[in-house]
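Top to bottom, those sequences are chains V and B.
Taking this note's numbering as reference, the numbering of the first sequence is continuous, increasing by one, and the terminal residue is 151.
Taking this note's numbering as reference, the numbering of the second sequence is continuous, increasing by one, and the terminal residue is 351.
Hints are computed from structural coordinates only; laboratory data are not their basis.
The structure displayed is predicted, hence computed values, not measured ones.
Each residue gets a CB set at the ideal place from its N, CA and C atoms; glycine is no exception.
This list has only true hints and no planted wrong ones.
On the chain B side, residues computed to face chain V include the following (Cβ under 8 Å):
| hint | residue |
| --- | --- |
| 1 | Ser219 |
| 2 | Thr222 |
| 3 | Gly223 |
| 4 | Arg225 |
| 5 | Tyr248 |
| 6 | Arg259 |
| 7 | Val345 |
For reference, the chains in residue letters:
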Amino acid sequence: MPGAQMNEEERQRLLEWWETTERGTVVVKRLMSYVTELRLHPESRRADGMILFYRAASEVSYGYAGMRGCIRRAFTPEYFEFLRHNIVKCHSFARRFSVDTKVLLERVAKQISGQEALAIVQRIRETLRENDTVLEEIENKKNAFLGVIQV
Amino acid sequence: MIHGDGSFVSFLNETKEPSSRFMNTLKERNFVVRGDMVVVGSTEWSGYLDAIDAALEQGMAAKEVVCSITTGFRVLPSLRNAPGLNPYHASVADVGYGFDAVRGTIARLRGGEAIPLVKEMLVLDLDTLRISEKQLSPNFEMVAQVAGPDTYYLIEQGQHLHRQIAKKINEAIGYGKALFGPEWNVILKRVQKVQAIPRL
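Just chain B, same shape as in the assembly (with noise of 0.2 Å):
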């Protein structure tokens, strides 16, 4: 049994540093709220990227618990069937391949790769995982309802791990903004249309 402090999910989460403390070091170098002038490949430019990706790595282990939650509901008969269940998960999907999708971004730009339109990409996974995350306790809360007390544990581990999940993303997001700055809703007026099509 799991016990409802989330303790295992910090288990083999190889943290590097706090995030708050990438924040101060950006806040001491005067880094912030300063987005518009920052340039691509520049000291600033990549002080910001580390925020973001430290913000996402600490969320990892609870995406990835959540989707082994997701997968566990699949799998018993009480709840495979449950209404909210399905576009749970697509949400859950969501939300993983943003994670992977914005540190993919960064890791590229780390080795050294020229991506064109890193911008708007960084902008669309960000500002999408913002979207997937509201859109995953409504339909939790669905499955819940038919949840019995032998499931009731992975219920409030999954409300938990969404809290964290939320905390982590909407973390990552202000590094984003504040690295672009007013810039930010320009590139995600570029992207929307993209963003407007289907996630099924």
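Okay, chain V solo, but in the shape it has when bound (with noise of 0.2 Å):
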């Protein structure tokens, strides 16, 4: 189904998904941040594991980018059904490497003894559960979406 010849409601859905998508680059976005605050802190630049956490981390950015593009491009008259398979897999990058970016952080964070860097640890676990929300949150509004168009 071609983004061009989408009806009213599909359209609306595709708009709502998109919205979702914009509360998360908020979200993600600071996240990124304390990443790099992390990453140069005294207190934690020289942690175990900061270079795969850092590596998780870009791709968590990457996923919700790739939606966004996705989303941006499902407007134009591009092949749906390529684009659909696309976005999914971005939101299954955003997913996955959430969970390995907790983890990592998990492992960084036991290095880590300085009140600075362990109060941006506790910084970046709390994004990472915002994130968690929004994620889900945008997972329902793809279903939304997914649910009314007619392939």
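Two chains, two frames, some hints: make the complex.
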């Protein structure tokens, strides 16, 4: 189904999906900023696991961006089935790497004893929880959209 | 089929103001090339941050579509094992991270947060964007070599988007350097050890 031929309801659901990703970008931007802060902080920058932690976090950012890129393209007459697979994959990237980021964060945190770096770790934990909530909402909006489209 | 003009990229891209206008405002107020005199938290400081943020905001759509295209390559049997795709994906993720991290740091500052390492964070992420952006094309061209006629439009689109991304990154770095002045290089030296950590 090319996006240009979407009906009003489909368009509306797609927009709602898009708007949820907007909220996600607010969370993910803050998350990446905290990650940079932790990478740079003298109390944490030599911690084991930091490389993989940073890489996993960058894939969360990638996953969100990919989803949004797909939705942008879905509004154009591009082949929709292809985009649908693509967006589901991006969403699963964001989800799976959110889990990896959490696991690796705790591994990194074990190496840290300084109070300032631990405070950053705590903020990252909280932001990752916010991220989970948004990803779940995005999942719901995605299902709401895919439920109405006529393939 | 996407058209080569990249018109869909601007769709839903709610850019508030052209960043050249920010720069002109900065120039009018003589903020430019006085970086070493700019006080953190001052009006000058936030003017530069606005300019950096606006430049990256204008590159967000291109960055997002590039991530989407990369994932698309991973779905296509003809491309998913193409040499160059993995390092390309990693650089795309690095670019995505950098855009988000810089804008996130600026958002935190706007929210009134005091960030002791703010200068180091901005310089590290902006300068790493410069490096990651340079890594996009060589690996992408390796993928392009095996792309067939059915996917060539995506290659062209990618090349077009890389140029947009590069432009916006360079713009943001220009504002960053104007903000920090000679201190930019001093800060960069401090963060280069972290920057040299492999990004796989």
